[in-house]
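*Asks:* Heads up: the sequence lines are chains A and B, in that order.
When you read off a place in the first sequence, starting at 1, and then add 2, the result is the number in the working numbering.
When you read off a place in the second sequence, starting at 1, and then add 1290, the result is the number in the working numbering.
Just so you know, the hints here were simulated from the structure itself, not pulled from any lab data.
Keep in mind that the hints are not guaranteed to be accurate.
Listed next, the in silico DSS-like pairs over lysine-lysine satisfying Cα-Cα at most 25 angstroms (straight line) [as the list claims (entries may be wrong)]:
#  : chain 1 : residue 1 : chain 2 : residue 2
1  : B       : Lys1370   : B       : Lys1352
2  : B       : Lys1588   : B       : Lys1352
3  : B       : Lys1352   : B       : Lys1432
4  : B       : Lys1293   : A       : Lys25
5  : A       : Lys26     : B       : Lys1293
6  : B       : Lys1432   : B       : Lys1293
7  : B       : Lys1588   : A       : Lys26
8  : A       : Lys25     : B       : Lys1588
9  : B       : Lys1352   : B       : Lys1495
10 : B       : Lys1495   : B       : Lys1432
11 : B       : Lys1293   : B       : Lys1588
12 : B       : Lys1588   : B       : Lys1370
All values reported here derive from a predicted model rather than from experimental measurement.
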Amino acid sequence: MVVLVIFSYALIIYLDLIPLYRKKLWRDFGVNMALTLLTFAIAFLISLDVAIPSPVYPIKNLIISILGK
Amino acid sequence: MNKEMITTKQGVYLLTLFMIGSNLFMGLAPAAKSDAWIAALMGTLMALPIIFIYARLLSLFKGRDIFDILNLVFGNVLGKIVALAYIWYPLHLGAMVIRDLGEFFNTVAMPETPMLLPMLFLGFLSIWAVIAGVELLGRCSKIFLPIVVIIMFITSLLVIPYWNFAHLKPVMYDGIGPVLNSAFDIFSFPLAETVLFLAVFSALKTETSIYRVYYSGLFIFAAIGVLLTLRNILVLGGDIVSVVNFPLYVEVSRINIGEFIQRIEVSVATTFVITDFIKVSVCLYVTCIGISKLFGLKNYRSIVVQTGLLMVLLAYIMYENIMDMIYFAFEIYAYYALPFQVILPAIILVIAELRIRTGQLHIGKKY
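In isolation and in its complexed conformation, chain B is listed as follows (with noise of 0.2 angstroms):
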């Protein structure tokens, strides 16, 4: 059985890719104003012992994925009841980082598109990726996250001038309360949805430790969050920030260099529909593996269109208007994403340490 490998390499990158999806162009905790930057920190200070239960896990029953997990750990029954979890909750994250597309190209990119035409070529494509296997999206990674940090960083130099740094004050005016509750979204939408590479990570060929990817992964998408998160409120100002949709977009939108570099947000909504394709096409290879073992397919392939038209379908038919969208992804998604995200592994890894520790549970060498 020719087995798919993707580098430490790629590893990373698709880690810092998948968490840079969609959040970033939304804006990193816009509840807290102009400390969102310090509730970015917070956040990943937050992530780094769910992010140690992840990394914990995969280096413990090493070339396995979550599913196989659940099932030595859980046994055969239980094991397939909490991966309808681990199936819903991917399907539901692709769903929401399409429809996070749909409406940024209905309400700000091309407002006269259908909303359901950019989402199903989004999908096409993503379903493409899937087809063709997880060593695709690693080399995908390679090229894309170059592409990433030089438009931000070309972008970033362009917006010097227009930098006020009277808009970072005053700091922490309310309090430390509302800086924690942004920590927590941070903590919850990018940081923690890392959960679904217990299942992509299986796949990765890697001398190093597992621990390593992810934090290197971590490390990246911190630097490049905190100061993203800086520089919007440095040009727009934490007020604006919070009432916007898309703050990167309207930040970009901005410069204007002599009247002649100017309306390059175009470069923006690449890196977004790039990271977006990144995210959708994880979660969707998360949902086909878990449906093929769930079932006991011969191969993931079979399924992908189908799930992948589903996720789509999903997105379409899951909210009414933005207002919903933003809603549910500021306001519930926290709370929502809590059992896969935190309850589940952290039960996972107590049953399994003991289990292996009594010695029921026999994973071969020890990593």
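Here chain A stands alone, though its shape is the one from the complex (with noise of 0.2 angstroms):
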């Protein structure tokens, strides 16, 4: 599984940052960098079985605290 993880990144970086940085677009290619960067973190991690918190609880949280429910 991170044998596949990295593997498929590998291929995504070849196929989609690489041409960026040939075309010297600078802007999309650090944009495209730092995503590619978060989603494989996550990536790897669901990989390795990690439980991610999830973003949504803080949410739920904050408005079961403004409704009072």
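Hints in hand, dock the two standalone chains.
*Replies:* See below:
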């Protein structure tokens, strides 16, 4: 599973990021790089069976505290 | 610059499919039980003014999407801060829709397949569609809407023998309270989500007014939604509709005509996948447009792959189980979405109108 994630990300970087670097679109490259790192971190942790805290629970707690349900 | 264009008809179809996406299969307004169809009608009525706000914004700033509008109305800094809200909302909404599909496959259609797999494939398909552009989405919806309508129509004919009008009574046994609550759910779950089309309809090439596009989509959806909800109640009864997670699927699986026409619930799964695909694609498109406008990128296409993957992964880590999903979708979501759907557009419209009337904002030709 981990190997699969790493290989697929190598493929995505080769197909998606390298062309931007070649075309010297630095802004696009930077934003794409940041997003790639973020998704790679999440995918890597999922493949290692780490429980990632969901961003939905803070929203849920906030709304419940506002509504007072 | 070759700007992408969608025609009026494609716009209406896209809007309709977007609204059908995922919520019809989860059942409109399960809390209202046998009065769900009244709730659907009331929800449509509640959506009329808010749709007017969206259409008014679009017709004030023709050819511009919501992120340009925010930039014009609020200025550079505040506009970008508010734009963050409209990047997060479609991302979260898309993740919710992907998760709906994953839970559907996991609980009903293919219980032994890992949930990530159908979600990942839907994500890939949407990434592909968004890279191809909004034109392709328009053409897709022109093919898909007839398929969806035909499947709905045929299954409606086949369930006629199972109708039981006693299920409709008593009308409003618990008073009007639950019905109004459910109407608010319907308002926020499919109808007011069309706020995202503020970013899509900048590509609309139309001679007729934008109001017509929005309201035709709304009325087509309302017709389909009310009829299907009524059908669900007639066949299953309000109590079962409020308990099962995917009432449409359960209902069609009951069809058994002469031991020959049976197990056609796959057709419902097909429509589910089609409409979900359209909805996820629209959400992904809006998110990518937002991120590219926020950072001033050359083209939104350079970040579609990563944003799509982020959406799928967010969908995967979002809830622990289906009960979590149902609770969030039916109890929390309506209030969570209110700022994005009603409050912010109303504020934007008021400030835009004020600034245009006082001559601070020049938008060129008035439409």
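*Asks:* Where does the structure disagree with the numbered hints, that is, which hint numbers, in rising order?
*Replies:* none
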